[in-house]
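Numbers -29 to -1, 1 to 115, taken from mature numbering (1 follows the signal peptide of the UniProt record, and there is no 0), label the letters of the sequence shown in order.
Don't take each hint at face value.
To be verified - Subject to a maximum C-alpha distance of 25 Å in a straight line, what follows is the list of computed BS3-like cross-link-like pairs (lysine-lysine):
#1 7 to 114
#2 114 to 43
#3 100 to 52
#4 100 to 43
Just so you know, the hints here were simulated from the structure itself, not pulled from any lab data.
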Amino acid sequence: MPRALPVLSPLAILAVCLLLAASCTPADVAPTLEGKWVSENETAYSYWPTGHFARFYEPVSIVGKLQLEITKDSIVWFDTKSYDNLGPLRRAYTRQDSMLLIRGNERQMHIKKLTADTLTLVLRGDTTKDRRLDVGYTFSHWKK
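Work out the full structure: start from the sequences and follow the hints.
Here it is, written out as structure tokens:
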């Protein structure tokens, strides 16, 4: 004789629905590079020509000096504090994992940190006979 299927109580159904809804909270959404960002600080990292780390320089505040507007295929840089500002600089880019490849710029830009509120980009400098100096820029998400 076949067994009757147990009847699920409305409370059990509600519990399952709540568990499923909780697993899809915004906290699970990966942070996006796209958006408007405003600068907080600048940090330099020095390396020996061999590539070995040499020195970390204390962060320097550049609050509000730079602004970025990032779309899916371009980055617009605004230098808000410079007297020689020639206007926004727009560049197309592609993203490969944690690297940004920016057209018209031979230097690599590494995404060191990306959260919903913070973006840190490190621009790899040129290597000379003495050293290589990379510069990191930390931005916060633009909030009006």
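Results of checking the hints against the structure:
Simply put, residue 7 and residue 114 have alpha-carbon atoms about 8 Å apart, close enough for the 25 Å limit, and the pair holds. Of the supplied pair hints, the one linking residue 114 and residue 43 holds, its CA atoms being roughly 20 Å apart against a limit of 25 Å. As the CA atoms of residue 100 and residue 52 are separated by approximately 33 Å, the hinted pair breaks the 25 Å bound. A distance of roughly 37 Å separates the Cα atoms of residue 100 and residue 43; the hinted pair therefore is violated under the 25 Å criterion.
Checked against the numbered hints given earlier, the structure breaks hints 3 and 4 and satisfies all the rest.
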